[in-house]
Amino acid sequence: MYDKFTRDSAVSDKPANQGAALDENEGAFTRFLRATEIDARLLGMIGALLIIWIGFHLYGHFVNGFAAFLKPRNLWNLTVQTSSIGVMATGMVLVIVTRHIDLSVGSVLGFCAMFMAIMQVWVLPDILGLGHPMIWVIAVLCGILMGTLIGAFHGYLIAYLQIPAFIVTLGGLLVWRGAAFLLARGETIPLDDENFTKLGGGPYGAIGETASWIVGGLACAGILFSIWHSRRQRLRFQFPTKPMWAEILLAVVGCGLAIGFVTLVNSHPWPKGIVKREIAAGNIDPNGDLFISHGFAIPVLILLAVGIAMTFLATRTRFGRYVFAIGGNPEAAELAGINVKWVTLKIFALMGALTGLAAVIASARLNSATNALGTFDELYVIAAAVIGGTSLAGGLGTIYGAILGAVVMQSLQTGMVLIGFDAAIQQMVVGIVLVLAVFLDTLYRRRSD
Amino acid sequence: MSTANVQNIKAEPLVELKNLSISFGGIKAVDNASMELMPGEVVGLLGHNGAGKSTLIKILSGAYKRDDGEIFIDGEKATINNPRDAKAYGIETIYQTLAVADNVDAAANLYLGRELQTSWGTLDDVAMEAEARKVMGRLNPNFQRFKEPVKKLSGGQRQSVAIARAILFNARILIMDEPTAALGPQETAQVAELIHQLKKEGIGIFLISHDIHDVFDLADRVTVMKNGQIVGHAKTEDVTKDEVLGMIILGKCPTKAIPGPGAMEESD
Ligand SMILES: Nc1ncnc2c1ncn2[C@@H]1O[C@H](COP(=O)(O)OP(=O)(O)O)[C@@H](O)[C@H]1O
Ligand SMILES: [Mg+2]
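Respectively, the protein sequence lines represent chains A and B. Numbering (the working numbering) for the first sequence: 1 to 449. Numbering (the working numbering) for the second sequence: 1001 to 1268.
Bear in mind the hints are in silico, worked out from the structure with no lab data behind them. Computed from a predicted model, the values in this text were never measured in an experiment.
Calculated cross-link-like contacts (lysine-lysine; reagent style BS3-like; alpha-carbon spacing at most 27 angstroms):
1. K341/A to K1151/B
2. K1077/B to K1018/B
3. K1151/B to K242/A
4. K242/A to K1152/B
Using the sequences and the hints, build the whole thing.
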């Protein structure tokens, strides 16, 4: 929260202020970070991501004879595959920031997906009639509501009955996986509602070229507005502001990233088979341009929307402020009059809601709900949050970091599949990366204290 | 009632603590303690470390739930079950442990639990920072590090943040638990000045210390605790420092003091 602002340029009063803002000995890079208010950790994460991407690409090139990683097709798939984990990771940030953990998200995802599938295929058609257009909408809402209730129940046990989150959610890990099995007696339920499966991506679950440019344009406008707005606010109170060059640099980099992302998703075309089918169906003019861009996949847009909403919640609202204050010092938060138990319950309920949403994405992508859906997701989600800079000691973490962390985890996973590592090695790598990330966090905190 | 005798127009107590008790696992940390505070009065609460001073005032501030006893504010029975309740009565507390959230900045700490919001219902960080700059300017004019997590501040600066938070919301009753523990002489003088100022505004102050020198010149009355019990109350002008030391160390009440349940029995 605070990392977004400049330190005051005025000279401070105590020798404890070693890093006084006008320190001449400070390196150019540190000064750059301070002026732009870019988090050094964020840069580190982006660096690690680039290394992973280029590493897999080159490995493919030299060892396997074909470099596939940095192809638009792979990167596009990567964005889709990240969505479900990414959505949950934004909630896990708040859970871990308050010094809790949620080990149950994978199983809750499986349970919610199964519950939604049953509503969609068995229950709602009987009530509304087969093929009713509202079936998938109601099913999705029920799934998210179910996730919220499960999360709230976990939160109640943790906050009000004082059972450690580790235990409650470890129990939940087993209970909800078992419950998912019982719901459909282990059956796989196929989902074929077109509108529902669009939520999982695929050629039909993407918004196309023009709409993607519109999204990109809105993103640029949003970036420029927020930079302008925060500068105006600081000027209004005559607070120190960032130097002009830093503002412009941030605007250029932000908009550049948005435009680059749009260009990327637009350079992945529909596969030939689907183009042919659409020509046969008369939906595409065979003499026109047959390079049909996917554009943003719908689950990716869901993740972006969740990311923005959760960032807003974490940094601009009382609830978010309380989450961080509780993480920093639970006793102080209580003494300041914050209802710590109630906030804790809400955090877990929110985690549950996001898990329900992730269940929508995951089952829509698979076109079915299976008993094993979401298995091991809790590890990916926790790893994403921790790699993204959420400290297990509490009080520290960002939403964008967790989403980047999810991209890192998914890049590792996808990359290992691409170059042909088998599942056993993939698991080992994920485990090692998780431990390493926590170790790096410990080191980082020891240094910055 | 027509005889406007000074005794009769004496205002009613701002706070009355009556027979408060609390124990932790069988140990009576506070045992049948009663005291009162008038508007504009500074009461020094003295006693050795472990005497029960912090525990007693934490009952008033809502941090602990008492086992027994009653609290009256403005003569009316008060219900204080948590810190929110206490704040609603205008009771602000500077805890001995400071109780600041280390990972958020000074402005966020000042407004913790009572954030200013914009008309959109979002946090109004700039407005909070502006107010924080004003109130901190009164306490610690050199302070400029508004946007850094509090854990990066020095002990004195953190203490200023805790004090600023308590005076920001127009407290009527201020509890200061060893407020100058981490402060240098200059900042301590500033706090003394602040106490005079707040007293003039009619705020009642409990000033807690284990060191008699911290409070003797500031307090109108002193109350001494020992082993969870009140040894006695005395007007500062009626007793000497040595007599108060005798109360603290031996539990011996001088003649001008009003003895409490913890006063030493006069054996001879
Ligand atoms: N939360 C608690 N749990 C158990 N014992 C406590 C707790 N708080 C205070 N005590 C005990 O109560 C007694 C009084 O402590 P305290 O009020 O902090 O003393 P003082 O502030 O006068 O130094 C001590 O013996 C202390 O160990
Ligand atoms: Mg104490």
